[in-house]
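Chains as they are written, first to last, in our numbering: chain A, 1 to 250; chain B, 1001 to 1291; chain C, 2001 to 2283.
Everything labelled a hint here was simulated from the structure, so no lab data went into it.
As the structure is a computational prediction, the values presented were derived from the model and not from experiment.
Beta carbons: idealized from backbone N, C-alpha and C, even for Gly.
One or more hints might be untrue.
[Claimed, not checked] Here are the simulated distance ranges between beta carbons: (1) I1103/B <-> D187/A: 49 to 59 Å; (2) I2246/C <-> F1045/B: 34 to 44 Å; (3) K239/A <-> R1166/B: 40 to 50 Å.
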Amino acid sequence: MNRIEVENLNVHFDDAQILKDVNIKIPKNTVTSLIGPSGCGKSTFIRTINRMNDLISGFKKEGHIYLDGQEIYDPSVDVVELRKKVGMVFQKPNPFPKSVFDNVAYGLKVHGITDKNIVEERVRESLKSAALWEEVKEKLEKSALGLSGGQQQRLCIARTIAIEPEVILMDEPCSALDPISTTKIEDLIHKLKKEYTIVIVTHNMQQATRVSKFTSFFLHGEIVESARTERLFLEPKDKRTEDYITGRFG
Amino acid sequence: MNNSLQEYLIEKGLFITAISSILVIILIIIFIFLEGLPAMESYGFLNFIFGSLWAPTQGEFGVLTMIVGSLGITLLSLVMAIPLSLFCAIFMAEIAPSNMRKILKPVIETLAGIPSVVYGFFGLITLVPFMREQFGGTGFSMLTASIILTVMILPTIISVSEDAIRSIPSEYKEASLALGATQWQTIQNVIFPAALPGIITAIILGMGRAIGETLAVIMVAGNVTQYPTSLVDPVRALTANIAIEMGYATGLHYNALFGTAIVLFFMIVFLLIIANYLQYKKKVVIGGGYL
Amino acid sequence: MSFRLLSPKVYQKIMKIVFWISGIITIMILLVIIGYILFKGFEVLSLEFIFSAPIDSGRAGGIFPMIISSLYVTLISGLVAAPLGVGAAVYLAEYSEDGWIVKLIRFGAETLASIPSIVFGLFGLSFFVIFLGLGWSVLSGGLVLALMALPTIFKVAEVSIDAVPESYREGSLALGATKWETVYRVVLPAATPGITTGVILGMARAISEAAAILFAVGAALTIPVSIFDPGRPLPLHLYILATEGISLEYAFGTAAVMVIIVLIITVVTNNMVDRYQKKLMGR
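Modelling step: build the complete structure from the supplied sequences, incorporating the hints.
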């Protein structure tokens, strides 16, 4: 069953076309990687799925994006509810300048969950799910900005899963991290896919092969090829995919 | 002249211009204190600051009523200016569409540029009669002065706090919105707390401007040296005391007006130190990662 | 889910209205003040008002001597403060390394900017008028105003010098230019629009100030010929007209002239900043 279906998506910023006729189906409880050279539109694409691009002036979109069969740009859709269902982890870890605890509790607070016991429970569970609990349980009241980059990124993941989304979008979540932290995040992605549908943008093709079941290759705003990950990397059908994965450009 | 000598002389010359502000401040301190301290000394420092009676003809030089007047006007104007200016600053930084911003920016610059005597004159012509009708009395009062000051400190607080809000990294905002927070929740819980040190600096700067304002206050405050018992009582500010009496003061009275300036000077330095401390603390917060 | 009085969405809508209202109030305040003063001022505003001398302490006639006095004190303040402010900005941006002296210089400028104008007034009286013996003159007034304009010019100039790309300096130094040649021929020309804006803003502060020159320029109704003559700049004239109850009509006229000057300054500086930014972005 597909959680997200995208049909003929075109995105413009003012006069520049960023995405051209994108079609993709993202199945439930799997990891889908989006690869491609810088500027190919993959970040724009995932920011369209939780409507973060609404914040940018000049954003125009044609085509459809369905989440569980519901068109997410339909006027009846509440963008706040959508973002609750579709969480996002950013390229640079961006914890709030608040304590570790408050960072994770933030989403609960804005969604009206104020019962102290429930909040504490959910914060603990989220930190455990994000494989961060053991490292921060002694310093929940300390500022999140004191954590290492890798810990901050896992905190951002914990913050996202605390509000129990259905989909997690990750925009190059490891690009600012060292190899050890990267491994930890990848392990975490493996664990999370049981419960969440994950879409990850990555520069790193090894990472795509390690974490994802499906991979789509973006080039100049178009999807060149989508396939099972091993198939895409071992037997690319399109010449451009082959050139990219064998390192001839990009 | 050889090159390195020329370069050396230029650097020294520039250094002298760089320390000119400090030299000026030292000169100001020397001259104000030379003239002012004799009065404070002969009347007694404590009597001068905590004395309630200002009667130069009888040799009484207590400035406490004016300290109260200055603080009263200033605090009252802050109470009115802070909500309006913070909402306006957030509006400009986060909510206003770009054409609205293009209107507001020059509006605030113009508000900042209007001479204080024009504000005072406007208050004298429109606000004083209005207050007289509404609350009785003369219309010259602490409240009248603080309303005029509110308008005068608006641009200071708005522009400095807008800068502070704008300097909050957009990552915080995106993170909050991506968690499904509304724009107001994001402002309230993330942007405002992060910008708070800058906002407090803005408020302190506004406060400095209010305490230091002279002619606009003179024109609407009534200038009576007494403790106000209500908001619509007339008061005299420290600045007003100097401007009103300097024209005819001689002897110890003349010195006592410089003494008034010393008190004013210390109030401003005190505010500056708080502002600098906050800036310093803000750096520690972001660099060290502790809240 | 806990009970909430209003849903976040309703809150969002309410707050958005509150924000819009606060923005509109700010605009209204300006419009009301400016509109009222211009409206009342236009009753007496005429070429004759601007170009003739006051009669009977300002109950009739015009404000020509006041305009000349204002020009005098403002120009003197600019001529004195601009080299000092720009020099200090160059020193801080190009020659100094971060240290206590830089902190002290910045604190000095900041303190100077926060000293109440009436304290400058007392200083002007005791230092320029009495100690240096310059007497009540447009020179004394201009010098006091220079001290007030200094921090503004310094701050704006420093920002615009800092904004000059490092590559400009490297390019010049790599060609064998000395540091000063680089500053003088490359950095300062690139920063000129910003520096000019700073000087205008500093002089704008000077032209609208009255309290600081209350005890320095005198209050003469005649046109100052030399810089040692006393004068009565516009803000001071307005203050005297209004507080001594001489003529409200003429006070409005004077206020209107000052408001027009402020409006012109705002438009000019905004245009300069716009053009400068466009140039920096290569358009």
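Evaluation of the provided hints:
1. I1103/B <-> D187/A: 49 to 59 Å: holds, 53 Å
2. I2246/C <-> F1045/B: 34 to 44 Å: Because 41 Å falls inside the window, the suggested range holds.
3. K239/A <-> R1166/B: 40 to 50 Å: Roughly 47 Å apart at Cβ, these two residues keep to the hinted range, so it holds.
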